[in-house]
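Asks: Place chain V on chain X using the hints.
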Amino acid sequence: MEVASLYNAQFMDHVAHPDYKYELDDPTHEHDGINPSCGDELHLAVRVGDDGRIEEAAYTGHGCAVSMASADMMSDLMVGKTPEEAIALCELFKNMITGDEKDMDKLEEELDEASMLKDVSHMPARVKCAELAWRTLAEMLKSNEAGATTTE
Amino acid sequence: MASSLTATELEALACSPYKRDFPLLAAHPELAFLDSAATAQRPAAVLDAQRSFYETMNANPLRGLYRLSVEATQAIADARDHIARFIGALDDAGSPQGNAIVFTRNASEALNLLAHTLPQIVELGPDDEVVISIMEHHSNLIPWQQVCTATGAKLVYLRPDESFCITDAEIKAKIGPHAKIVSVTHVSNVLGVQNNIAAIAARAHEVGALCIADGAQSAPHVSVDIRALGCDFFAFSGHKLGGPLGIGVLWGRPELLDAMPPFLTGGEMIDAVTETDAIWSPVPQKFEAGTQDAAGAFATDACLTYLESLGMESVEQRERLLAAYLCERLQERDYITIVGPAEPTRHISAVSFDVAGIHPHDVASILDMDNVCIRAGHHCAQPLLTYLGWHSTCRASVAFYNDKTDIDRLMDGLDRVWGIFNGSR
Chain X
1 MEVASLYNAQ FMDHVAHPDY KYELDDPTHE HDGINPSCGD ELHLAVRVGD DGRIEEAAYT
61 GHGCAVSMAS ADMMSDLMVG KTPEEAIALC ELFKNMITGD EKDMDKLEEE LDEASMLKDV
121 SHMPARVKCA ELAWRTLAEM LKSNEAGATT TE
Chain V
1 MASSLTATEL EALACSPYKR DFPLLAAHPE LAFLDSAATA QRPAAVLDAQ RSFYETMNAN
61 PLRGLYRLSV EATQAIADAR DHIARFIGAL DDAGSPQGNA IVFTRNASEA LNLLAHTLPQ
121 IVELGPDDEV VISIMEHHSN LIPWQQVCTA TGAKLVYLRP DESFCITDAE IKAKIGPHAK
181 IVSVTHVSNV LGVQNNIAAI AARAHEVGAL CIADGAQSAP HVSVDIRALG CDFFAFSGHK
241 LGGPLGIGVL WGRPELLDAM PPFLTGGEMI DAVTETDAIW SPVPQKFEAG TQDAAGAFAT
301 DACLTYLESL GMESVEQRER LLAAYLCERL QERDYITIVG PAEPTRHISA VSFDVAGIHP
361 HDVASILDMD NVCIRAGHHC AQPLLTYLGW HSTCRASVAF YNDKTDIDRL MDGLDRVWGI
421 FNGSR
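Protein chains in written order, with our numbering: chain X, 1 to 152; chain V, 1 to 425.
In isolation and in its complexed conformation, chain X is listed as follows:
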């Protein structure tokens, strides 16, 4: 039953009409994420402004509806966040889809639309798909914090 509720109209809208699937102009960070179990590939780019907040996030690549819709919702959520806040949200998302965080009020408040992906916690085979964009973003921002180059 989880599958039917996951592939709902709002979710399908992100699949059919993604808002953030394009090449970003002047990115400050770029990173590639791959899902080796299914060959999904994601190229994620963000631009952090002078105020230290994410001005824009966008992605390109190919993958299943779950990984692409998840990337779209994440890109929307990240605008205006600091890298530290973004990393914390990635952690919260991960805890949601692994079933470790079940507080729906908190999830809806902090993750907004992306909280609809909570049903993935009942679909172990799809966790890696949902997680791809968030894992890629966290890796990118963390390695940048550590002073490493993130552009691949």
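These are computed hints drawn from the structure, not numbers from a lab.
Just so it is clear, CB atoms sit at the ideal spot from N, CA and C, and this is done for glycine as well.
Some hints here could point you the wrong way.
[What the hints assert, rightly or not] The following label-pair restraints were derived from C-beta to C-beta distances:
1) P254(V) x H62(X): 35 to 41 Å
2) Y54(V) x H62(X): 28 to 34 Å
3) K102(X) x T8(V): 53 to 59 Å
4) T98(X) x G357(V): 39 to 45 Å
[Said to hold, decoys possible] In silico negatives: residues of chain X with every beta carbon more than 10 Å from chain V:
5) D25
6) D26
7) D32
8) E41
9) K81
10) D100
11) D103
12) E110
13) R126
14) N144
Replies: Chain V alone, transformed into the frame defined by chain X:
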């Protein structure tokens, strides 16, 4: 629905008389299991044999001097003979070449055994070539990539034509005078096509190369006669036949197995050991370091007995019809593209396909909700998918225990998937 299958054939496929032999399928009539190319379901005969081994003859084979161990040892020897007969590995007098049957964990390990030992007897170097096909499973591809990296030999790929056929011209062009090892899959796990191993082996021998056939996808579905194939080695896995997980088989020409060095070393594979040296046991023990899965061998033996009770030819015939029906039904939908030959009768068990605009993982997830099990992804054959221009595909694969209903349920599920993604739920 137009079908090339006759009414009698369709009637025969209507309801599987075999599901009752498979405890998992019998307990779950709601399941349409269409992923036998990944692993088959196990008949009760196999599960009973596995249990019976541990209950009645459990001991460490080969070394014990008491009766239980002797029985375990005999169980392995009997299994070797049975497997040899099953693939037509008979000597000139018609006796099974049991000692040319080496047990491994799976087909991958059998192929790795060859990739680690053969380069030592054929002495590969930068002027030499290893020939495989672009439709190899990673298990018959990466080991040879590694061999070529280590020895400097060149890896050459046989490629199929537009109709997914590796032609005689391609075989002649790619297997040339520099070829030393040729290793090709008998049946593709993605395309379902059967390759002409006899022609490949003949050409390999003409230029002085050894020929290996990967039988992981053929042994379960096609009557194998290694004398007719003419190859020097044949590898397959027990679990794709319905045997237990964790046991694989390598058959090799006895004189080659004798000449090859061991792969893994340790207990049970030596005749004598000194502080500085060791003398290997004869084949097959030379290649079987450590305690062997005697229960697995015994259960594999029981699996072959079960398949022979049905008759491999009728198994093959039923699976051909099921695969043809599957292919034809998929071809009815204009939103589906078959990735593989258009001729339904050329599919051995597996049919890969694409659902327009919908990622295979989404297809498989939604089908799972209807209890329809298919595979989605690159099927451990990424170079093939890249060559064909796909990132991933859906794959349905049949075994004799499937029936028409399983395939009809797949089609209903696919229509539902299409509806979800195209707004007509």
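Asks: It remains to establish, for every hint, whether it holds in the given structure.
Replies: Here is what the structure says about each hint:
no.: 1; hint: P254(V) x H62(X): 35 to 41 Å; result: 49 Å, violated
no.: 2; hint: Y54(V) x H62(X): 28 to 34 Å; result: 48 Å, violated
no.: 3; hint: K102(X) x T8(V): 53 to 59 Å; result: 56 Å, holds
no.: 4; hint: T98(X) x G357(V): 39 to 45 Å; result: 30 Å, violated
no.: 5; hint: D25; result: 27 Å, holds
no.: 6; hint: D26; result: 29 Å, holds
no.: 7; hint: D32; result: 15 Å, holds
no.: 8; hint: E41; result: 8 Å, violated
no.: 9; hint: K81; result: 28 Å, holds
no.: 10; hint: D100; result: 22 Å, holds
no.: 11; hint: D103; result: 26 Å, holds
no.: 12; hint: E110; result: 26 Å, holds
no.: 13; hint: R126; result: 6 Å, violated
no.: 14; hint: N144; result: 29 Å, holds
The structure is inconsistent with the numbered hints 1, 2, 4, 8 and 13, although it conforms to all the rest.
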